[in-house]
Amino acid sequence: DQQVKQNSPSLSVQEGRISILNCDYTNSMFDYFLWYKKYPAEGPTFLISISSIKDKNEDGRFTVFLNKSAKHLSLHIVPSQPGDSAVYFCAASVGSWGKLQFGAGTQVVVTP
Amino acid sequence: DTAVSQTPKYLVTQMGNDKSIKCEQNLGHDTMYWYKQDSKKFLKIMFSYNNKELIINETVPNRFSPKSPDKAHLNLHINSLELGDSAVYFCASSQFHSGHYGYTFGSGTRLTVV
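Protein chains in written order, with this note's numbering: chain S, 188 to 299; chain F, 29 to 142.
Just chain F, with the same shape it has in the complex (with noise of 0.2 Å):
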């Protein structure tokens, strides 16, 4: 019964390789976001869709691409990973207009690039 969930919770890939992290959630939410913790721990808003529609797009290289199928996903692909992509990255989720107490964050996923 896991609200927002992120897989895989751990991806090791090499540099060059490109990979997709999925985020499903089943709140009935209508935005969903992803999120970047760096190694200074710093949370980044990377991107945001409400219904399927791409609202907030902050500055992220272009190797960085999300696809929404449908509200209730937002997966997130990067091509040619590098070094610096290694990062937790969050999935969250919220109905646009409750506000930021309605947010639900997935649990993570850990991206090593080697």
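Extracted from the complex, chain S is given alone in its bound form (with noise of 0.2 Å):
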């Protein structure tokens, strides 16, 4: 009963252009999504968040658009950069603080 989806296990881009990484969900309880992104070897860090009353919520290079009548989030990184190499996890909750259900992540590479 995985209610939050990452169908792209992997993701390849080139230096300078836009990554852009999907995730759907089912509950449609969940009222506050988020993006965390891991390293090999360490544990996952917060990125960007959005909350159900957004559909849009920009930080730098860093942009999350929701859809709600479609289930579907996403992630926009632009540029994408050398550094932006890492697995990028979708969460979401029911609540700001209600428990995270994660998706599978999606393994980013950008190549010079």
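It should be emphasised that the hints constitute simulated quantities derived from the structure, not laboratory data.
From the three backbone atoms N, C-alpha and C, an ideal C-beta is built for every residue, glycine too.
Treat the hints with care, since some could be wrong.
As the list claims (entries may be wrong) - FRET-style restraints, in silico, Cβ to Cβ: (1) Y38(F) to Q190(S): 27 to 33 Å; (2) K80(F) to R204(S): 45 to 51 Å; (3) A31(F) to G247(S): 28 to 34 Å; (4) I83(F) to N194(S): 30 to 36 Å; (5) L82(F) to K243(S): 35 to 41 Å; (6) Q294(S) to E86(F): 23 to 29 Å; (7) T35(F) to D246(S): 32 to 38 Å; (8) Y226(S) to G112(F): 24 to 30 Å; (9) N107(F) to K243(S): 44 to 50 Å; (10) K241(S) to Q42(F): 21 to 27 Å; (11) M43(F) to R204(S): 46 to 52 Å; (12) G270(S) to S108(F): 41 to 47 Å; (13) E110(F) to K241(S): 30 to 36 Å.
As the list claims (entries may be wrong) - Derived lysine-lysine pairs resembling BS3-like cross-links, with alpha carbons at most 25 Å apart: (14) K37(F) to K258(S); (15) K192(S) to K255(S); (16) K72(F) to K255(S); (17) K192(S) to K37(F); (18) K224(S) to K80(F); (19) K72(F) to K192(S); (20) K69(F) to K224(S).
Unchecked claim - Only some residues are given here: those of chain S computed to face chain F with a beta carbon under 7 Å: (21) E229; (22) G230; (23) K286.
Could you fit the two chains together into a complex? Lean on the hints.
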């Protein structure tokens, strides 16, 4: 009963181009969504979040878009940099401190 | 000055053994968590403690027992280890009402049961 799905296990993008990571969810009660970034041998670190009252949140090179009717969110990274190579996890919760449900992650590789 | 530290980083043990993973945070957070990342890479919550009180207890086998001696520590003890327990276990902490952007994860403990 995986409620948060990231269907692309990996993504390769050239440096300077846009990276688009997708995430789908099934639980309509989710109202808080987050992206975490994880480097090898480290724990995930918080990247950006969005609540269901918004459809876009931007922080520097990172923008998260939320489409509630489609139960879909995406993370845009522009321009992509080599340091962005990592695994990105989508997560969702009911309330801003409810139990987090994570997707399986998308491995991003930024090539020179 | 590590914020959330877990020990050991790697643990290889035989089936049937009992083992513990320790977690400590120096952030002054009041809530701590254990997550399991399985072979399919999903991160799933196992337990959560707020001020030493258990507040989330997901459906995990009774062989897993968390212990929180104080709000800076949350240890995970596993009895009678099985092959399926092999995974990466992450500890995390947060200040309960700060929301998930306040989550800080440890670097993980890779448990291999042979």
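Right, here's what the structure says about each hint:
1. Y38(F) to Q190(S): 27 to 33 Å: Once the Cβ atoms are compared, 31 Å apart, the range 27 to 33 Å for Q190(S) and Y38(F) holds.
2. K80(F) to R204(S): 45 to 51 Å: 48 Å, holds
3. A31(F) to G247(S): 28 to 34 Å: 22 Å, violated
4. I83(F) to N194(S): 30 to 36 Å: With a Cβ separation near 32 Å, I83(F) and N194(S) satisfy 30 to 36 Å, so the hint holds.
5. L82(F) to K243(S): 35 to 41 Å: This hint holds: roughly 38 Å between Cβ atoms.
6. Q294(S) to E86(F): 23 to 29 Å: The hinted range 23 to 29 Å holds for Q294(S) and E86(F), with Cβ atoms some 26 Å apart.
7. T35(F) to D246(S): 32 to 38 Å: About 33 Å separates the Cβ atoms of T35(F) and D246(S), which means 32 to 38 Å holds.
8. Y226(S) to G112(F): 24 to 30 Å: Between Y226(S) and G112(F), where Cβ atoms are some 27 Å apart, the hint holds.
9. N107(F) to K243(S): 44 to 50 Å: 48 Å, holds
10. K241(S) to Q42(F): 21 to 27 Å: With a Cβ separation near 51 Å, K241(S) and Q42(F) fall outside 21 to 27 Å, so the hint is violated.
11. M43(F) to R204(S): 46 to 52 Å: Given about 48 Å between the Cβ atoms, the range holds.
12. G270(S) to S108(F): 41 to 47 Å: Holds, at about 43 Å.
13. E110(F) to K241(S): 30 to 36 Å: This hint is violated: roughly 44 Å between Cβ atoms.
14. K37(F) to K258(S): Violated, because 37 Å separates the two Cα atoms, which is more than 25 Å.
15. K192(S) to K255(S): Roughly 15 Å between the alpha carbons, so the hint for K192(S) and K255(S) holds.
16. K72(F) to K255(S): At roughly 24 Å apart (the allowed maximum being 25 Å), K255(S) and K72(F) satisfy the hint.
17. K192(S) to K37(F): 28 Å, violated
18. K224(S) to K80(F): Roughly 28 Å between the alpha carbons, so the hint for K224(S) and K80(F) is violated.
19. K72(F) to K192(S): Holds: K72(F) and K192(S) sit about 13 Å apart, inside 25 Å.
20. K69(F) to K224(S): The given pair, whose Cα atoms are some 14 Å apart, holds under the 25 Å limit.
21. E229: Since chain F brings a Cβ to about 5 Å from E229(S), closer than 7 Å, the hint holds.
22. G230: Check passed: Cβ of G230(S) comes within 3 Å of chain F, closer than 7 Å.
23. K286: 6 Å, holds
The earlier numbered hints that this structure contradicts are 3, 10, 13, 14, 17 and 18.
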